[in-house]
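Based on the provided sequences and hints, a complete structural model is requested.
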Amino acid sequence: MTADYLGLASALRPEACLVLGALAVLGLDLSVWRRRGAGERLGCALAVGGLAVILAGVQAWMGPRGPVFDGVLILDPLARATRGAVVGLTLLALGVAHGAKAPRQPAEYVAVMLAAAAGLTLMAASQQLLLGFLALELASLSLYVLAGFDRARPEAAEAALKYFLFGTMAAAFLLFGFSLVYGLTGSIGLPEIAAQVGRLGASPLLLVAIVMILVAFGFKAAAAPFHLWAPDVYQGAPTPSAALIASASKVAGFAFFARLLWPGLGAAAGATRSFGGGPGWLPAVAGVAAGSLLLGNLAALAQSSLRRLLAYSAIAHSGALLLGVMAAGQAGYAPLFYYVSTYGLATVGAFGVIAALEREGRCEEIADLAGLHRRSPLLAGCLAVFVLSLAGIPPLAGFFGKLFVFAAALRTGGPAAALAVLAIALSAVALYYYLAVLKQALVAAPAAGARPVAVSRVLALTLLAAAGLIVWLGLDPSVLLGRF
Amino acid sequence: MSLLPWTILLSLAGAVLALAAGRRSARAARWTALATAAGSWGLTLAAATRFVPGPRLQTLVDLPWIPSLGIRCHLAVDGISLTLLVLTGLAATAGILFSWNITERAGEFFALFLILVAGVYGVFLSADALLLFVFYEIAIVPKYFLIAIWGSTNRGYGAMKLALYSFAGSALVLAGLLWVYAAGGAPGFGWAELARAAAILPREQQIVVFAFVFFGFATLAGIFPLHTWAPTGHVAAPTGASMLLAGVVMKLGAYGCLRVALPLSPIGFAFWQPTIAWLAVIGIVYAGLVALVQQDLKFVIGYSSVSHMGFVLLGLAAANPQAVSGAVLQMFSHGVIAGLLFAVVGRMVYDRTHTRRLSELEALPLRRLLPFAAAVFVIAGIASMGLPGFSGFPAELTILVGSWRAGPIWAAVAALGVLVAAAFTLRAIQLAFFGSPPAPAGSAGPAAAVVQFEPITVAEKTGALLLVGATVLVGLKPDLLLNWINPALQSPLLQAALRGGRP
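Note that the protein sequences, when read in sequence, are chains E and S. Okay, so the first sequence: first residue is 6 according to the working numbering, each after it adds one. Okay, so the second sequence: first residue is 8 according to the working numbering, each after it adds one.
Where hints are given, some of them may not hold.
What the hints assert, rightly or not - Sample of chain E residues at the chain S side, in silico, Cβ under 7 Å:
{"#": "1", "residue": "Pro399"}
{"#": "2", "residue": "Phe411"}
{"#": "3", "residue": "Ile429"}
Keep in mind that the hints were calculated from the coordinates and are not lab data. We put the CB at the ideal spot given by N, CA and C, even for glycine.
Next comes the structure, spelled out in structure tokens:
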């Protein structure tokens, strides 16, 4: 093994930026900003953190391509695009944090967000089981902390505990699965594993390992039946944390597992074009996708809480994204990545609107949105863009994400094609609950005594950037698709 | 000929400007909206004067849009789409004139109205199935908000029902199109590419795919069991929006059936042809009978729309050049007449009397109080019944003659529907405008006598005259439109479908 430490250092510059940024925020907060008020400390921490994230983005853009450090890391188009998306979504989540209620320890909060981002960017690029697991754990542990950061609220504590318990359980399954894969193939590098799996075929032990890996994947993606944490975390976590969990973490998770499943375990996928073919992970993923589509869309109909609605819509979107994973073997990662990143944009934006409203009063129920068009036309307009994109209305990006994934799934044929038709049918169901949100925001009159909502300039910029990106990526999807 | 794409951009620009102007005053917003709508209509008319009819789609713009899927930004026009583009401009302009009294959130109203209009222009201009679908969906969302915010009578229900039916229909269309595209390995979404891809599929799949696409579009055209969104939605909508919905948006569905579904799979069409024809004639008669017993005047008009759209579907199902050209003519004719009827009922009568119940209207001497409204309603009613001299006559006659060739029984039942239409129209005219006010007897007498309504405004008169002029012009000289439509039916793709499904 030729250890190329210089190459490794240059490939890991984005992560270095993020970690150094986190340390800088903590250090400055302990020394220079110590005597300032909480709001000012948050502003300073976010400014330094934002700078670190932007630097990380620049480094990721300019960084090397191809395998690094003997194939431990791979900087292929998927990794580069995912890193870019994680960095961008983290930046937007920082913008949301600026407009949300200030946490009690602002510097620590921002530092943990940066640490999570570092874990996520590393996940996107890792091509080795051990590094991948460590990156996943770095990101997950940071996200557990972020979910429970607001210790004073019992809901936040409940959300964090649930997230932590489910998450560690999933991590244990994943590690067990990884150890089985290592035991079978004698390697932790994906290219070597792929070669060995291709030679061995789908042995029973490998299938056990795959099931364990899929449990962890289902958890990360909030897919049914591993979704139970999602509604509570979306509801209880501080809004910027929820925004990060729902967007950047999802993008990195899908990239990581898609890489694990196709280049790593692609030989054990099973039959793509027919139902009930040979054993493999595709039928299992198809089952999870069908469950998520049905459960997410139908349960969302019954929600009255806005955040829980977003959580169930996230579960439904996970089902559609799993179709993208199933189709990735034939169609490549472009449809999956386009869908998940534009979905992340819309979700961050929706949480941004919630954050702005929470600062002025409460925003728990969908009915709390009533009269938003009068209280803040900016928020109402942006929310309309985000929700309609989630619903998949052209020319917004959400529609094209669905279009690309469904077209890829139909080209793949077999169960993926049947599920694509199911997903298209369910999109009409989804329109009902999305319109119910917009009905409150744009049609209903404001509640008595509702005041106009003041939106901080940074948050306004964040929301406009997210909405603008959704429109732009919708009008010209080739900007993203052309990168693959 | 490259004027037409500007209609889409001009309408979108008008939406933005109207939204901005609405922050200043409602007056500024409505003048902005009127200027852009009339401007777009002017563009379509200017393009029409230079139009050379022919069998081919005349490409206006053709740019790659999403190369990885072969989706192109391809805009083109032929006689069929030109007819409907002119109708869109007319209906949009008249709709704004009849929305002159909107004062609440006026900027947003006209912005949504113009976005809807832009989507409609886009659908009629698209020559790429996916581009058409994008514009089709752009037209759905504004409908919901126009009804839910500015509507009347159970508006939340009507708006949601209409949006969900439209969206479910379009989901079927998308599923069908993507299926053909993926399973047939089409390089793109052009009409010919999709037709070639569909021809590769096995017969059973072609039948299913055709059903997805045709019934998806036909939902929006108000085909019989899927029509229930139309009366509730149109009744709940504000006047300008119901004029646009019944006048133009239902045509989107019929146009999709004609342009996308029929050429897609002649085999699928041959299988479904009798079903479609029967559903169409059932719709004609059933909706007419329902209209006959309505107590709400606007519901009469709402069901009459479904009945008249049944003729369009029958014309498409009969699938010979005569019937199809009649169907396109009927699309234009119904667009104008339904707009006129909704304008009288929603704006001229309801906004003044605040009732649409026939029993209450009967008690008002409306023909003396609102003579202009009464005159326009009578003219529109006569046109709607299909009397000679108005556009409904050549349209329905051509459809009946054409469908007689395809299946005499369908034509016979549909002809029965014409009688029913005459009955419910005459009943509506009689009860609403020529009722007998109770004789001023004793105590209640003076109250009824002193009712005064604000006079019909200039905007209303202008809008009504535009629409009446259009229906009379086409009624007297249907060749104006038929000369555009007939050559377009000679295109190879439509010919394949028009051979009655025989490949």
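Verification of the hints:
Hint status for E/Pro399: holds, given a least beta-carbon distance of 4 Å to chain S, under 7 Å. About 6 Å separates the beta-carbon of E/Phe411 from the nearest beta-carbon of chain S, less than 7 Å, and the hint is met. Because the smallest distance between the Cβ of E/Ile429 and any Cβ of chain S comes to about 4 Å, under 7 Å, the interface hint for this residue holds.
Hint compliance for this structure: every hint is met.
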